[in-house]
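Protein sequences appear in the order of chains A and B. If you read the first sequence in our numbering, its first letter stands for residue 8, the second for the next number, and so on. If you read the second sequence in our numbering, its first letter stands for residue 8, the second for the next number, and so on.
Be a bit skeptical, because a hint or two may be false.
To be verified - From the structure, some residues in chain B lie toward chain A, with a derived Cβ separation under 7 Å:
hint	residue
1	R314
2	A318
3	I321
4	V335
5	P337
Calculated from the structure, these hints are not laboratory results. Beta carbons are placed, not taken as given, at the ideal position from N, Cα and C, and that holds for glycine.
There are 2 protein chains.
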Amino acid sequence: MYVVIMAGGSGTRFWPLSRRRRPKQLLSLFGDRPMVAETVERFVSFVPREQILIVTSEQLAAAIREAVPDLPPENVLCEPFGKNTAPCIGLAAAAVRARGGTADDVIAVFPADHFIRDVDGFQRLVRLAADVASGGPIVTIGIEPTKPETGYGYILRGETRADGSAEVVEFVEKPGRDTALRYVRDGRYLWNAGMFFFRLDTIEREIDRQLPHLSAQMPTLADALLRGDTVALSSAWELVEAVSIDYGVMEKAAAVRVVAATFGWSDVGAWDALPEVADVDESGNVTMGDVVAIDCHGCVLVGHDRRVLAAVGIEGLVVVDSEDALLVAPRDRAQEVRNIVESLRHRDPDLV
Amino acid sequence: MYVVIMAGGSGTRFWPLSRRRRPKQLLSLFGDRPMVAETVERFVSFVPREQILIVTSEQLAAAIREAVPDLPPENVLCEPFGKNTAPCIGLAAAAVRARGGTADDVIAVFPADHFIRDVDGFQRLVRLAADVASGGPIVTIGIEPTKPETGYGYILRGETRADGSAEVVEFVEKPGRDTALRYVRDGRYLWNAGMFFFRLDTIEREIDRQLPHLSAQMPTLADALLRGDTVALSSAWELVEAVSIDYGVMEKAAAVRVVAATFGWSDVGAWDALPEVADVDESGNVTMGDVVAIDCHGCVLVGHDRRVLAAVGIEGLVVVDSEDALLVAPRDRAQEVRNIVESLRHRDPDLV
Numbered sequence: 008m009y010v011v012i013m014a015g016g017s018g019t020r021f022w023p024l025s026r027r028r029r030p031k032q033l034l035s036l037f038g039d040r041p042m043v044a045e046t047v048e049r050f051v052s053f054v055p056r057e058q059i060l061i062v063t064s065e066q067l068a069a070a071i072r073e074a075v076p077d078l079p080p081e082n083v084l085c086e087p088f089g090k091n092t093a094p095c096i097g098l099a100a101a102a103v104r105a106r107g108g109t110a111d112d113v114i115a116v117f118p119a120d121h122f123i124r125d126v127d128g129f130q131r132l133v134r135l136a137a138d139v140a141s142g143g144p145i146v147t148i149g150i151e152p153t154k155p156e157t158g159y160g161y162i163l164r165g166e167t168r169a170d171g172s173a174e175v176v177e178f179v180e181k182p183g184r185d186t187a188l189r190y191v192r193d194g195r196y197l198w199n200a201g202m203f204f205f206r207l208d209t210i211e212r213e214i215d216r217q218l219p220h221l222s223a224q225m226p227t228l229a230d231a232l233l234r235g236d237t238v239a240l241s242s243a244w245e246l247v248e249a250v251s252i253d254y255g256v257m258e259k260a261a262a263v264r265v266v267a268a269t270f271g272w273s274d275v276g277a278w279d280a281l282p283e284v285a286d287v288d289e290s291g292n293v294t295m296g297d298v299v300a301i302d303c304h305g306c307v308l309v310g311h312d313r314r315v316l317a318a319v320g321i322e323g324l325v326v327v328d329s330e331d332a333l334l335v336a337p338r339d340r341a342q343e344v345r346n347i348v349e350s351l352r353h354r355d356p357d358l359v
Numbered sequence: 008m009y010v011v012i013m014a015g016g017s018g019t020r021f022w023p024l025s026r027r028r029r030p031k032q033l034l035s036l037f038g039d040r041p042m043v044a045e046t047v048e049r050f051v052s053f054v055p056r057e058q059i060l061i062v063t064s065e066q067l068a069a070a071i072r073e074a075v076p077d078l079p080p081e082n083v084l085c086e087p088f089g090k091n092t093a094p095c096i097g098l099a100a101a102a103v104r105a106r107g108g109t110a111d112d113v114i115a116v117f118p119a120d121h122f123i124r125d126v127d128g129f130q131r132l133v134r135l136a137a138d139v140a141s142g143g144p145i146v147t148i149g150i151e152p153t154k155p156e157t158g159y160g161y162i163l164r165g166e167t168r169a170d171g172s173a174e175v176v177e178f179v180e181k182p183g184r185d186t187a188l189r190y191v192r193d194g195r196y197l198w199n200a201g202m203f204f205f206r207l208d209t210i211e212r213e214i215d216r217q218l219p220h221l222s223a224q225m226p227t228l229a230d231a232l233l234r235g236d237t238v239a240l241s242s243a244w245e246l247v248e249a250v251s252i253d254y255g256v257m258e259k260a261a262a263v264r265v266v267a268a269t270f271g272w273s274d275v276g277a278w279d280a281l282p283e284v285a286d287v288d289e290s291g292n293v294t295m296g297d298v299v300a301i302d303c304h305g306c307v308l309v310g311h312d313r314r315v316l317a318a319v320g321i322e323g324l325v326v327v328d329s330e331d332a333l334l335v336a337p338r339d340r341a342q343e344v345r346n347i348v349e350s351l352r353h354r355d356p357d358l359v
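This is chain A alone, in the form it adopts within the complex (with noise of 0.2 Å):
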């Protein structure tokens, strides 16, 4: 089994803390290591060093590289540019086949950036979705929703199978308020993680049958990558279809399987979201760094460490705190930390 962790994105949800050059999966919001090692983390119990993988952008590779000391260094890849995740899979593919992977390795990919609350859970999930996808099907881990969430694409599944696994009905877009309640109810809807398990020979099939650009490439890129060549990489790369895994790939693939589960996920969309996933104390704060909080109530409180935070008697609200900028939303419009970014972007780039 070959592990792929997608890292390459760039976002500012986090900011003042993720900036274009230190985005989310560079951040140590749960515990000591940034969110990208602790995803490499979560494998090596029982996936070799040398077959776990991270596609990310040159741009952040050497950050990546630095964040994760115990993975060989070639094992981080990057793509020439972002071209979203359909490529960015062509790519770990193409990767493993150069490496030797043979037509009945299964390839897991994972993002870089989720949080997972039971870590015995999920491994003994993945070995289940893993089992599963070597005998052929495409495989995605759906989490069982636990609130009517908007942020998040669902899953319908069928009936399950006596692997553990059920056929995938449909993929569903975000849905709006009423239409999330009505998935939850049902009982039938699963959140979309973006995990997905599949053999080296059935990604390569499903890539030649929907996406002939990028299958046309396949061989350029293994054997760029095999060189060392980014010259031709990037050339190959130009030529391949932008597109996500989703819509290019798993819409119309010959068969999907999803594996439902309750290891308690969450993507950790923005600021809001850490009450979910953080340690919480006992008036329903989060607090990270030097923070002095009196009668503070349901609160995300991210101190500097060269400065103490004060709060009194504030509710719902984010406040970070960093080196250069401090951001003050209340939590339930914590995702329009991108108006103020996008308010920045021309004034200080290295703000942003």
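Take the given structure of chain A and dock chain B to it, following the hints.
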């Protein structure tokens, strides 16, 4: 006429900007200069700098002298330690006497850290009050109340006389909400702004009559000031009554008059008072420093010069950033900054 500016306060109500060693009078909350410098500046057009004295503490003297470099450094007097306002004024009177002041010199006393909007109007009223005081009575400036403020003491005035002053019927303490409302509706009550005018012989006579211990030390204080003998000053200071000028002198003084003012005044008691006295944007925010505010209303946002303060969608909050500490609180709980200061006092003295 001599001007005495009381600048001994060591409050931290403007924490984290104000600290024990950098209290409000040393902050530049309005304009470019520290408040004590603004206070001095209101007099230099009509009082010689040699006759403007500042009384402060040993701890603050160097910073005060730096804040008002145009003032002769020996005009910044130090109390050996804080003993409330009556001894402070006694010390100032002793200083005037030591400098060759005569019985009919008028001394005008002002706090160092108050806001005055209409400086011309203020100057006119100061001249009027000094004129009245030169005839014998103690004169105070009372501010026509613009709201039922519970944070100020009030002065009940009698009939207004031909010279524009009125008898003081009574000094009344900080009222409750209902009483304050009654005072404002009554029309005869004024805010006590802590500004007093008296002839040198008048204050000496009142001290003789009401504060026997201070009275006994007055010659020693004058002599110690003249010789720069801080040991003698301290010894004498130990023996004087620690009492406010209001309780110790004004309430039982032989003749007290008040002149009513409408020049726009505030004691700027805490962060929540800033919108009354500083420039307010169209959304009701006061912003200082590098602030990006999107959809914020009624906030006080004070950025640090090495950091951008970015706020989205917040209302009625005080956010104050500084080198080593950051405060977030609702405006109506800004007074509770003292709780923060209290909880930090034992941890790191420099933080408070």
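Status of the hints after comparison with the structure:
For the restraint placing R314 (chain B) at the interface with chain A, the shortest Cβ-Cβ distance is roughly 5 Å, inside the 7 Å limit, so the hint holds. For A318 (chain B), the interface hint holds, since its Cβ comes within 7 Å of a Cβ in chain A; the closest pair sits about 5 Å apart. Evaluation of the I321 (chain B) hint against chain A yields a held restraint, the C-beta minimum of about 6 Å falling below 7 Å. Taking 7 Å as the C-beta contact cut-off toward chain A, the hint placing V335 (chain B) at the interface holds, the least distance being around 5 Å.
Interface hint at P337 (chain B): satisfied, since its Cβ lies 5 Å from the closest Cβ of chain A, which is below the 7 Å cut-off.
Checked against the numbered hints above, the structure breaks none of them.
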